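**Q** Based on the provided sequences and hints, a complete structural model is requested.
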Amino acid sequence: MKLQINGEDRDFASPLSLQGLIEQLGMKSDRVAVELNRQIVPRDQWSIALKEGDRLEIVQFVGGGSPPLQHSQFPRTPLVTHFFTNACLTPAALGLKCFKHL
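Quick note: the sequence shown uses our numbering, first residue 1, plus one each step.
Here are the computed lysine-lysine pairs in the DSS-like style, where the Cα-Cα straight-line distance is at most 25 Å: (1) Lys51 - Lys2; (2) Lys28 - Lys2; (3) Lys51 - Lys28.
Since the hints were made in silico from the structure, they are not lab data. Note that the structure is predicted; figures quoted are calculated from it, not measured.
**A** Structure below.
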């Protein structure tokens, strides 16, 4: 089965679920967001079967950088820590929680 992943054509044996694809790619499912045919797929729907010609955009989150901020250092405006291209990903769509400033 031919799939397009992040703009690259790849071949996989079918049947294959989205969860199975993530595992085959060696990605940690708790650090990945997936868009299937221009629609964000929540993790609880990753059992969906992929079909020939499906187009996927997969974003993997990575950590690193500066040491953690102390409470007094949090800005009053939202921080953007990652930039995404070709996808509109909101914290809720990714299953992330938003934190209020105290």
